[in-house]
Amino acid sequence: MNPPAQVVCRFQVNGDVRECAVAPNTTLLEALRYGLGLTGSKQGCDKGDCGACTVVMDGAPVLACITLALACEGRLITTVEGLAHGATPHPLQDAFDVCGGAQCGFCTPGVLMSAWALLEHNPSPTRAEIALALSGNLCRCTGYTKIFEAVELAATRRSVATADGKS
Amino acid sequence: MLTLPAFEWVRPRTLEEALEFLAAHAGQCLIVAGGTDAVPNLKHRLHDPAYVVHLSGIRELAFVRESADGLELGPLVTLTALSGDARVRRDYPSLARAASLVASPQIRNMGTLGGNLCLDTRCTYYNQTFFWREALGFCLKKEGTVCHVVPQGRRCVAAHSSDVAPVLISLGASVEIARSGGRRSISLDEFFVGDGIHNNVLEPGEMIVRVSVPARARGLRVGYQKLRPRAAIDFPMLSVAFTARVDGARCEEARLVVSALGAKPRVIGGVDALVKGQPLDEALAESLAQVAYRQCRPLTNVAYDDDWRHEMVPVFVRRAVRDAIAGGVS
Amino acid sequence: MSRAKDEAARVPDPRVPSGRQMPEENRLTPPVWPGGRTAAPGTDFSVIGRRNRKLEGLAKVTGRAVFADDLSLPRMLHGKLLRSIHAHARIRSIDPSAALAMPGVHAVITGRDLPAWFGIIPWTEDEQALCEEKARYVGDAIAAVAADTELAAEEALRLIRVEYEVLPAVTSIDEALEHPEWKVNEKAREGNISKHVHLEFGDVDARIADSDEVIEGEYWYEGSTHAPIEPHCAIADFDATGFLTLYSSTQVAHYLHRDLARVLGLPTQRVRVIQPVVGGAFGGKSEPFSLEFCAARLSMDLGRPVKILYTREEVFYAHRGRHPMRMRYRTGIRRDGTLTGVDAKIHIDGGAYSSFGLVTTYYSGQLLSAPYKMEAYRFDSTRVFTNKPCCGPKRGHGSVQPRFAFECQIDKLAEAVGLDPIEVRRRNFIGENSRTVNGMRVTSNGFLECLEQVERASAWKERFRRMPYGRGVGVAGSMYISGTNYCIYPNEMPQSGVQLKLDRSGRATVFCGASDIGQGVESVLAYIVAEELGLTLGDIRVVAADTDLTPVDLGSYSSRETFMVGNACLDAARRLRGLVVGTLAEAWGCAPAEVKLAGGIASTARDAERERMSVKEAFQRTEARHGTLGSVGWYQTPRLGGDYRGGTIGASPAYSFTAHVAEVDCDPETGFIQVKKIWVAHDCGRALNPVAVEGQMEGSAYMGFAEALFEEQVFKPATAAHGAGLHHGPSLLDYRIPTSLDTPELESLIVESVDPEGPYGAKEAGEGPLHPSVPAIANAIYDALGIRCDRLPFSPPHVLRLLRAGDARAVWQKARGQRSGHVPAGARG
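Residue numbers (the working numbering), protein chains in the order written: chain A, 52 to 218; chain B, 10 to 339; chain C, 160 to 988.
Treat the hints with caution; some may be incorrect.
As the list claims (entries may be wrong) - Stretch-level coverage of chain C by chain A, calculated; a stretch enters the list once three of its residues show a Cβ under 8 Å from a Cβ in chain A:
(1) 622 to 632
(2) 670 to 684
(3) 893 to 901
Unchecked claim - To give an idea of the interface, some chain C residues facing chain A are shown, with a C-beta separation under 10 Å as derived from the structure:
(4) G216
(5) T221
(6) E389
(7) G462
(8) E472
(9) I760
(10) T763
Just so you know, these hints were derived from the structure itself, not from any lab.
In this text, a Cβ means the ideal position worked out from N, Cα and C, and glycines have one as well.
Let the hints inform the model, and build the full structure from the sequences given.
Written out as structure tokens, the structure is:
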């Protein structure tokens with residue numbers, strides 16, 4: 052079968068409106084990585100088993116490697132590149148750096164997106180809630196301990212910052 | 010990476026539009042909602058559709074409604090929405106529980122109720138790449154002629170692997186099926202058929218448009234138990250749904266459904282006779298466990314010790330019944 | 160098994176007296192620094208030992224780190240490999256014409272285009288990038304395509320016609336031994352034997368005869384694979400000048416450089432290997448793979464860049480993971496807890512090729528001889544070829560399996576003589592500055608403190624043999640190398656080199672071939688330079704693993720990086736530090752030792768007002784005084800090891816030591832084992848950055864736990880009606896690595912013995928802490944349920960079968976009675 056025609060698809064990614072040509076069989080991950088140059092999201096398992104490709108779509112973490120790009124037209128997408136404010140890392144990213152939450156760093160973008168979505172809905176999660184929220188993100192380096200600590204640190208810092216802001 | 014094959018793309022805006030397209034291209038379409046099953050299967054070249062009909066644009070199918078008859082669920086409700094819905098949690102806790110145990114958080118955010126019900130059957134000899142299946146020599150379900158689970162078997166025994174289906178069957182749910190110019194309703198138990206190649210009654214051009222859980226299922230004592238090696242991501246390698254109507258201290262009726270064995274969830278026979286008039290207690294759990302053990306025979310379609318899975322049938326039935334004794338599932 | 164005997168006969172005298180060592184020789188003797196290598200440059204450390212960030216951390220958490228597949232070059236094509244669908248088959252013919260005719264397809268290559276043999280160990284070069292005559296496992300690469308897109312390349316693969324002659328497949332150790340005529344690998348000198356090692360130290364039989372209790376056990380360690388989350392990826396770019404650049408997710412850029420040049424027929428000076436950020440390796444990227452050669456060949460043929468990215472399935476076929484091992488141990492003990500003789504017979508399933516197998520076979524015995532004294536030790540190890548993906552070095556190469564068996568043996572022996580298993584380990588402690596029975600020099604040794612730490616932290620004395628049925632604790636210990644003396648190809652050059660550049664901008668740049676695979680070796684380089692030159696971490700740049708720009712370091716394997724790269728870097732940095740403090744001492748009229756460099760400031764204590772300037776200014780003064788500032792440092796191992804064939808294998812300049820206690824909660828109804836917690840105490844010499852060390856300890860303990868309970872790299876047997884040799888499930892769905900919900904709580908307890916030869920006293924932390932996980936869990940299961948799990952993995956079906964095979968409850972009860980009636984002599988306070 053001949054390759055089907057590509058069409059220009061419009062994405063709302065990290066606050067920008069971006070366009071790129073995709074075919075029906077282009078996954079969101081391919082569109083992000085190879086079409087839009089957003090290589091932060093990773094491909095680890097090919098088919099939804101590892102979570103390295105996790106991006107947040109309309110507030111919920113989803114797997115970009117098994118999402119068809121054309122189905123994302125008009126949806127709000129946030130990738131790991133969208134967390135920082137300009138050159139300043141997001142507090143969650145900073146906490147991962149401080150705690151050693153990233154070793155090889157390959158699962159990290161996906162883990163961060165799941166953790167970010169969790170903290171948006173639940174600013175002070177228990178460790179059990181963190182483990183559950185990250186249960187679709189396989190990490191092969193850390194044994195998860197430092198990842199949990201990083202999410203907890205980010206939550207603590209945020210609650211301190213919020214308290215300071217109110218006072 | 011593992012590529013997707015080429016296909017054409019259709020994203021209808023309304024149900025009518027979808028049904029018309031399906032009718033016009035019957036047999037050439039793969040319906041995709043969340044895509045968590047269909048897309049990996051496409052990557053494995055298990056389907057070769059001319060068209061992918063993507064339902065994500067049909068907002069009207071993502072509803073949760075209460076009515077006098079019970080609860081009505083749209084097929085595009087995500088599993089996350091289903092497990093988090095206050096009405097579902099209150100009235101049908103085993104359904105919320107089952108939905109919350111599917112795969113991983115991301116997959117529950119993407120995957121839909123309709124998709125989970127229409128999940129393609131699974132088998133260790135089938136859910137593999139084209140290369141792998143070629144090295145095996147293919148199988149009855151796709152491109153081949155032999156069954157590797159049941160040698161000389163003529164019928165595919167790939168396993169039904171939905172978490173929510175056995176629970177919905179235990180609750181007496183029904184589905185409404187639409188095609189261009191017509192609708193029909195059928196109990197979910199009858200929706201599934203014992204053929205691993207195509208394990209439901211959907212004809213080309215048809216799709217599920219509503220799932221109804223009867224009002225009388227409210228107040229049942231329920232349980233759901235799922236067996237899997239890891240606490241996330243894995244499909245069930247055995248699942249048990251149990252419901253009982255208890256009046257005072259005695260059971261009036263009960264339903265026990267065991268799945269992830271063959272192509273169709275197995276409704277255990279003889280349960281009503283066993284429970285009627287009996288107290289819902291540990292002794293009853295044990296009798297139900299033994300009945301289920303006799304009626305279920307796990308196969309090697311799931312790549313995990315089948316004798317052990319058989320041993321786990323009574324264990325998980327007991328645990329599901331204990332959920333019900335304890336007053337539900339947490 | 161006549162084969163094994165013949166091989167043994169070739170070893171002149173396998174019985175060698177213990178304690179002999181290689182002749183001393185001065186080779187590239189490292190400089191001696193005041194206060195030694197373990198001391199801080201000034202009075203105390205300002206960077207080392209702090210919980211610093213990693214150099215590349217922010218790049219990784221912001222998605223800016225560039226991994227191989229994140230690279231895309233202009234005009235780049237995509238390559239794919241055609242792989243054998245048979246476990247063992249002669250390739251009669253390959254017809255690529257239909258594939259070549261497909262639009263978008265640019266080239267197809269086969270074995271004839273890359274005929275050279277290669278292999279990571281020069282003595283066993285038995286691989287070709289694409290099989291020319293024969294495929295040896297399902298997934299063995301036989302052709303490669305370059306096309307415009309991955310999809311076109313994949314579709315083209317299906318159009319290549321291959322005619323096979325299917326041969327009998329060998330899928331188990333026993334088949335390999337019983338059917339030497341079904342020769343898997345033609346490079347084997349006899350039958351399917353890949354390597355045989357027989358070594359004996361002391362009189363084993365006499366020592367065992369002289370024991371009060373002797374335990375014999377057979378153990379099975381199932382194969383497992385690294386499963387880094389990043390699949391292998393390589394991009395080759397051959398330019399018009401005849402120069403090849405290869406970007407690859409490798410952990411051994413130097414070895415890849417050598418083999419690429421040789422296989423492609425290019426001079427090494429015309430090949431450049433660049434390692435981008437690597438997304439996990441664990442030993443799985445420590446040798447050249449088909450994709451690198453094929454991308455290079457295709458790029459050379461087409462004059463365009465070619466990328467090959469493995470699918471997850473292909474990563475399982477590339478493998479080089481943990482060898483399945485069948486191990487028989489006979490071990491004696493005396494009533495006082497002294498271990499007497501150890502007798503091991505080991506069979507190793509190597510898969511189709513040699514890989515590091517020669518070393519694996521030695522390691523299966525050589526790395527067991529500490530932390531416990533042994534009076535006599537014998538091991539007989541045989542690695543066989545089978546028609547399965549090739550095994551190799553996975554984290555804890557070769558020694559994780561025997562460590563499992565041996566630590567379970569100790570648990571059984573302790574029970575047999577009625578001693579607490581921690582006490583038995585304590586009583587047999589080999590000590591610091593000692594020598595193992597097989598002639599390995601042990602210097603620093605913090606094993607006793609490791610035992611004490613896990614004993615205390617886990618409340619061992621209150622829990623062992625005292626918890627209710629189903630719950631239990633278990634202990635195990637281990638040792639591991641900090642790099643190996645054994646050099647993969649014979650040469651007298653340094654194992655590790657560093658070039659350091661300072662300039663008037665106030666920046667330091669470190670150039671080193673070291674391979675950061677997530678463990679943080681680039682940061683180690685920066686910490687050392689920061690410590691020595693008083694810089695802040697942001698003022699240091701590390702250029703690593705680029706064979707054009709960086710001096711050779713042999714790469715990230717055998718836990719060598721911190722020790723060897725660290726030492727090389729320390730010397731380079733101290734040389735420049737000497738110039739800087741010398742210049743300032745001259746200017747200020749003080750002794751060099753009085754000059755302090757820290758936090759970006761150079762100063763003295765005696766006059767902090769006037770004798771103070773920025774380090775940047777100090778560099779400028781030094782540059783003015785001495786000219787352009789640069790230095791080199793290198794590390795070469797001293798001659799170590801036993802004076803016998805193979806005696807350098809297992810020799811290391813320093814050994815790390817570990818002890819674990821694992822706590823389990825078991826479900827006797829299903830067989831499910833939940834590991835609640837693992838306490839990990841590890842002697843890393845000195846923690847250059849405790850965060851990174853803890854990360855290695857936790858990651859190691861996790862990976863051991865994963866092998867103990869979940870992971871199996873297994874294949875359909877030759878007797879299968881269909882698909883003999885086929886991987887059971889080459890995906891991250893079917894190959895189950897633990898999720899965040901499955902992984903136990905992990906508590907790291909760092910022990911610092913300060914090694915006299917390590918950089919600031921540091922030793923390895925990346926592999927040692929994996930070893931005790933598996934036996935500690937097995938021993939905890941015994942404490943919980945009264946069953947001995949001697950086979951991996953401890954899956955629920957396996958556990959349930961063991962529970963039903965005997966009267967586990969009675970065994971459990973008996974073990975308890977013994978504990979309560981006995982007060983271990985070592986339980987002081």
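For each hint, the structure was consulted:
Interface restraint, the region 622 to 632 of chain C with chain A: violated (0 residues with C-beta to C-beta distance below 8 Å; minimum three). Remark: the region 670 to 684 of chain C is confirmed as covered by chain A, as 4 of its residues place a Cβ nearer than 8 Å to a Cβ of that chain, reaching the required three. With a threshold of 8 Å between beta carbons, the proposed coverage of the region 893 to 901 of chain C by chain A holds, since 4 of its residues qualify and at least three are required. Residue-level restraint check for G216 of chain C holds (minimum Cβ-Cβ distance to chain A is 4 Å; threshold 10 Å).
Given hint, T221 of chain C at the interface with chain A, holds; its Cβ is 5 Å from that chain's nearest Cβ, closer than 10 Å. Interface hint at E389 of chain C: satisfied, since its Cβ lies 4 Å from the closest Cβ of chain A, which is below the 10 Å cut-off. For the restraint placing G462 of chain C at the interface with chain A, the shortest Cβ-Cβ distance is roughly 22 Å, beyond the 10 Å limit, so the hint is violated. For the restraint placing E472 of chain C at the interface with chain A, the shortest Cβ-Cβ distance is roughly 8 Å, inside the 10 Å limit, so the hint holds.
Residue-level restraint check for I760 of chain C is violated (minimum Cβ-Cβ distance to chain A is 24 Å; threshold 10 Å). Because the closest C-beta pair between T763 of chain C and chain A is about 33 Å apart, greater than 10 Å, the hint is violated.
In the structure shown, a violation is registered for the earlier hints numbered 1, 7, 9 and 10, in ascending order.
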